[in-house]
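2 protein chains.
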Amino acid sequence: MAAKVTLYSYWRSQAAFRVRIALALKGMKAEIVSLDLMKGEQFGEGYRALNPEAAVPTLIEGEGPPMIQSLAILEYLEETHPEPPLLPKDPRARAHARALGQVVAADVHPLIVPRVRQYLTGDLGLPEAKLRKWREHWLETGTRTLETMLARDARTGRFCIGDTPGYADVCLVPHVATARMLYQADLAKYPTVARIFEACMAQDAFAAAQPVHQPDAPLAG
Amino acid sequence: MAAKVTLYSYWRSQAAFRVRIALALKGMKAEIVSLDLMKGEQFGEGYRALNPEAAVPTLIEGEGPPMIQSLAILEYLEETHPEPPLLPKDPRARAHARALGQVVAADVHPLIVPRVRQYLTGDLGLPEAKLRKWREHWLETGTRTLETMLARDARTGRFCIGDTPGYADVCLVPHVATARMLYQADLAKYPTVARIFEACMAQDAFAAAQPVHQPDAPLAG
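Chains as they are written, first to last, in the numbering used here: chain A, 12 to 232; chain B, 12 to 232.
Given that identical chains are not distinguished, each listed pair holds provided it fits within a single copy or across any two copies.
Restricting the straight-line Cα-Cα distance to at most 30 Å, the calculated cross-link-like pairs of lysine-lysine (DSSO-like) are:
1) Lys-200 / Lys-141
2) Lys-50 / Lys-144
3) Lys-144 / Lys-200
4) Lys-100 / Lys-40
5) Lys-50 / Lys-40
6) Lys-15 / Lys-40
7) Lys-15 / Lys-100
8) Lys-37 / Lys-100
9) Lys-15 / Lys-50
10) Lys-15 / Lys-37
11) Lys-141 / Lys-50
Bear in mind the hints are in silico, worked out from the structure with no lab data behind them. All figures in this text were calculated on a predicted structure; none of them were measured in a lab.
Chain A extracted, bound-state conformation (with noise of 0.2 Å):
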């Protein structure tokens, strides 16, 4: 019998949407446990013994103990649950993978994460209108890289790398979908990138890992 999964989550959270699609193309299931970060439930004690950092995901795999980190739980899984792979054979395909899933999750979402985002408004004291200027321009700066990287690589295809979704696409679709919902990015820059997102989000494992899809999401309407 499988061990239990838990995974600590929040809707919007780029970093836990990434995730729950690599846990639904590997076919696991995971109970989802909610902590409102605008109501700042991840600062409570007990769940900063399991995650230090206060933020989401945190993931549990039978006895633990507890993993952070989205890219750092990525790579657990891949080594765990090796099928179906999220990273290609070929090494340098494999730095590849990785190198456009961390343009967007590392050079991109932490600049724009809730800690930041009030520190800059609240100790730094910067106006809304210039956050909201400054997360988009990381999102665009992000989005315009992968673009770049895509456009010109032979080995893009249906997805990021070739026609099966990975590590590089389960990190592109939660940034576009930041995009879109922030400001309603306007992808026609941007084909490539515009392309995967919508063959990812005809997945069943991208669809229903969606913010709006969630159970903590507000209800729509």
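Fit chain B to the known structure of chain A by using the hints.
Just chain B now, with coordinates in the frame of chain A:
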């Protein structure tokens, strides 16, 4: 004969420092090509063709293609030059090593790189004093999280995981070195981090890779 390895680097870049350490730990020789990020050399068209983010590091081994993103490069080096390993064998310990690394390499460092500092002071008009506060705040946050994670974990040894330096140490050392260089960070509050930093810097691979020993570092005195 080993394929030629070229690393595009900048003496003060944390991300390039990580790769320099990893290469040294693996016993790999690389030709270092320095780019002066303060003079904008990374924005030349030739370099952008290698690295669409216009950032360092970029690594080329043999015929290429160029590889970007320091953490993707670390994984590539681990997969293609497995001895000595930078990651432990156990999948949960591997996740822990990667999480420790990403706490600083994904959640702190991207907030303080040159392009972000320039955007804050230029486009958003943040005064220099607030930029200093911003840098120190996130560097301290990262160090505090590392200390919490390392101090309580039975897997912590002389280094971040056990008694051999690896992935997490490769990320910890450039982070701590930056905090010390930028604002003479007081490590007394972080005894485990301080102890591991000293243990690393006593090793040739770490000491030789540090910023002040790079050919493009400004001459002392």
